[in-house]
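All chains should be built: construct the whole structure from the sequences, respecting the hints.
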Amino acid sequence: MRIRHTQLLIFIFFLFGGISLTATAYVEPEIPQTESDAPQPFNDRLPDEPSVVVLDGDYIPGKYGGSMRLLMGKKKDIRLMTVYSYARLVAFNQELELKPDILLSFDIQEGRIFTLKLRKGHRWSDGEPFTTEAFRYYWEDVLNNEELYPFGIPSELLVDGKPPVVTIIDEQTIRYEWDEPNPFFLPALAEPRPLYLYAPGHYLKQFHANYTAVETLALQVEEAGTRNWAGLHHRRNHPYKNDNPSLPVLQPWFNTTKPPAERYVFKRNPYYHRVDQNGIQLPYIDEVTMQITSSSLVAAKAGAGEADLQGRYIRLDNYTFLKGGEERGNYSVRLWQNGAGSQYALYPNLNSNNPVWRELVRERQFRHALSIGINRHEINQVIYFGLAEATGNTVMPGCNLHTNTYQSNWSYFDIEQANEILDGLGLDKRDDRGIRLMKNGKPLEIILHTAGEGTEETDILELIGESWRQLGVMLFVKPSQREVFRERVFSGEAMMAMFNGIDNGMPTGEMSPGEFAPIDQTQLQWPKWGQYYQTNMQVGEAPDIAEAKQLLDLYHEWSKSDAVEDRESIWHQMLKIYSEEVFSIGLICGVPQPVVVNNRLRNVPQEALYSWTPTAFFGVYRPDTFWFE
Amino acid sequence: MSDKHFVSDAPFDPESIERMTADQEKFFLASRRKLIWWKLRRHKLAVCCGFILAFMYGSTLISEFIAPYNYQTRNTNNIYSPPQRIHFFHQGEFIGPFVYGNDYRLNMENLKREYTPNPDKPERIRFFCQGDSYKFWNLIDADFHFFCPAEDKTLFIFGTDRLGRDMFSRIVYGARISLLIGLGGVAVSLFLGLLFGGLAGYYGGWVDSVIQRVTEIIRSFPELPLWMALSAILPVTWSPLAVFFGITVILALLDWTGLARSVRSKLLALREEDYCTAARLMGAPPSRIIKKHLLPGFSSHIIASATLSIPGMILGETALSFLGLGLRPPITSWGVLLNEAQNINVVALYPWLILPVLPVMIIILAFNFFGDGLRDAADPYK
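Chains as they are written, first to last, in the numbering used here: chain A, 1 to 629; chain B, 630 to 1011.
In short, the hints are calculated from the structure, not lab data.
For every residue, glycine included, the Cβ atom is placed at its ideal position computed from N, Cα and C.
A hint or two may mislead.
[Unchecked claim] Cross-link-like lysine-lysine pairs, in silico, DSS-like; alpha carbons within 27 Å at most: (1) K117/A x K99/A; (2) K301/A x K764/B; (3) K895/B x K663/B; (4) K76/A x K301/A; (5) K439/A x K205/A; (6) K63/A x K205/A; (7) K429/A x K782/B; (8) K99/A x K75/A; (9) K741/B x K323/A.
[Stated by the list, open to error] Only some residues are given here: those of chain B computed to face chain A with a beta carbon under 8 Å: (10) K741; (11) T745; (12) L954; (13) P958; (14) I960; (15) E969; (16) A977; (17) L978.
This is the structure:
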């Protein structure tokens, strides 16, 4: 990358005269100019006060250049680029503390008044200024628009059902104010799939009825084939999904390829707000390409050196193969720690449509019996080389909130005790195959749904099925596509499901304990209760197990408390209830995650936590600081 | 030059030309079945393949006895063990068939399970021995095997899979399902083909037209997607055995059309023959004419074409199971085994898991050669 004259001069001054660099002397990469989108004049692309990253220790400041190749298995996976890029209003750092990122600073009063301050001179990836206007547009014209959001403000922004008061103080300052404390607000902004507060109004106004004439809109709507202008607006504004190349973003790279495609190219955002300690604007890497292939081929392709950074679609059982290709493919495989509370967990559907099954599965002891009827040690030995640990579906060892009781509650293996429990539940009659009979005389056959993509799930289930057979419980496995799978669980058709365990195995007391309370439809053990909560009691069913209600109450209590000790004690109460109740059956945790890293790629940690949340996979390690040697 | 005619001294026999040699006489007097057999016997390859088929089908009757392990026995200490070579000479001394015991080590560097044969541990294979217990034909409890590993040792001549199950035993058990599905499917499709082909061919007219059109419609479907659709309907709660029959019927339902067509055309030709007309004029009912006069006329042909469609069935089952739509574990067929072998790890690290391809290829080739020979022999008067 060529450095322009002024920079060169400053550099020479710096060398010879010992004149220290001033804040204005930032180095920005040269962007090939085209007539249509000429970048702003040099040195005007960065905000006045960019976010300065200090790379020290194992991390070395780098240089520009190169193209980073990623492999993905589905067209939808381009959204992972938003996860990996991880430019957020506030973001977790590697120590999992919340720090301002896009924001210059934030200020919290009484846990309920949030004043956010933007960086002066910050620009969208198309060069337009990024000011509080973007927040105003999103708040007033999008979220509060009846056609765009007919059901009102999304529940993430409500506290006790009430929206915040939004005040724009000046071009760089905006305030969100609730009546009650809102501890979810800042962490939600730092999520891998963040809560968006802003949108590029200058671009989106052309799709908005308030700003564009009805006739012009009608033409565009017809062309796009959406139902109305609201549909068009939604389609154009998916900052998370990355599916609209024209949408201005604030991420280090922006998508330049219109879906559908087999290969997506993400180009450097010339207006990105971060610089390293030498004043060099990030990201170092010029472009990121994402090749969409079949998920089963990702390991093979990565092993052939076709990926520069790959963790997705690679599993521990590929490790041997990948290790063998290291020299040929000029990469190294690192073993990161998977941050999921349990690699997989079984979710007995408490909202099943089958009344007999529902009654049975709501029996705490029945869940206990199923849980201790699983030989986790064997699963660990056979599938994970003995590198993992048996666990319930709870937080991981190494987490501050972890105790051995949570991990070992009902996660040992005892066929005899399990059989005694089942006999005690009145399931003592058996058919001629030795399968227990339920109250209605039907054999206890569990049809378990999985979104299985590989043999790992089916192998585990085979082992589980075999040990459950000793309990007189028959297990059938029905693999299906993820969307179909979810639909079946949500509707109550599925009796039991297998899916990833707790996402965030390394929470702190400050992080939401929402995964342990019925607040979300995607919690496969109680989808209808979750839906009930999410839709403000419109759809779904109210929780009717005392312990589940208790979890929900504790969750509310957590959201109201602002003392760290209180929050931690609530966390512990919830973990204790959850592990005693075994609402979901955890299996194994601490399974290492192989990560393929090109040997020329610098600043990728040797060992790290790999998980959706809180680390956003590679996100908190900031791929914008990775560079090619 | 002699002007004298040559006159044979032998007595004149006016039938000398027409008289047959003993061989010829045997040929002319032989029954049809015998003729077919003689003709088939001359086709060396077909005979050889016939033996292979007989051997393989024979083995399915005593799979439990042949396999050293049960197909579901897991050896968690021997996951992904490569095939063990059978030796006869230990340090230059003949001690009968044996394998060298494996030393196991988990390579922590690349997490590879490494097995090295230890030349100090010869483990003699036992024959007619006691091993895993099983229920022979689901009737008799037994634990007798043709061969077993040495006491408390292991023997994996085709290696083991990811759960430490013996591949050889699984292939032997898988043969039972894969081969039976061929026979079963052909039996059903033969029945359907004969029924519909017979009706169409004998009655002709609108019956013929309807059946012909239906046949054409069925034939016009691409096979694989239709198989996939049909097998996706099979409920998940069906026992594996029921699924097995379901798959058999599905395969047969789509296969009978070819057979029905050839039956029909043969019938159309034969029913115009004089002997049929004669029988009809003498007042024989259709069923008698079909059974006595028509069927024997093309039975051999049908047997040959049925034989040729068995490999199609076997491949169909293998394809369906390979795609994960056919048989489901715990039932083990060659297709199920191959389904488990379809990933990069297997190709790169555990190639012995692809071994089930071998019996599939052998059985398909054998059926094709055998069917070929049978078809040639089916019309011995040509």
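Minimum Cβ distance from L978/B to chain A below 8 Å?
-> With Cβ-Cβ at 6 Å, under 8 Å, it holds.
At a threshold of 8 Å, is the proposed contact between T745/B and chain A supported by beta-carbon distances?
-> violated, 16 Å
Does K782/B lie within 27 Å of K429/A when you go C-alpha to C-alpha?
-> Violated - the C-alpha atoms of K782/B and K429/A are around 40 Å apart, more than 27 Å.
If you take the shortest Cβ to Cβ gap from L954/B to chain A, is it below 8 Å?
-> violated, 11 Å
Against chain A, with CB atoms and a cut of 8 Å, does the hint on I960/B hold up?
-> violated, 13 Å
Agreement of hint E969/B with chain A interface, Cβ distance less than 8 Å | holds, 7 Å
Does K99/A pair with K75/A here, judged by a C-alpha cut-off of 27 Å?
-> Cα-Cα ~32 Å, so violated.
Do the alpha carbons of K301/A and K764/B lie within 27 Å of each other, as the hint requires?
-> Measuring from Cα to Cα gives roughly 46 Å; hence the hint is violated.
Given hint K99/A paired with K117/A - CA-CA distance at most 27 Å | The hint holds at about 13 Å.
Does the alpha-carbon distance linking K63/A and K205/A stay inside the 27 Å limit?
-> It is violated: about 38 Å lies between the C-alpha atoms, which goes past 27 Å.
Is K76/A within 27 Å of K301/A, Cα to Cα?
-> holds, 19 Å
Does the nearest C-beta of chain A fall within a distance shorter than 8 Å of the C-beta of K741/B?
-> Given a least distance of 4 Å, the restraint on K741/B holds.
Hint violations for this structure: numbers 2, 5, 6, 7, 8, 11, 12 and 14, all remaining hints satisfied.
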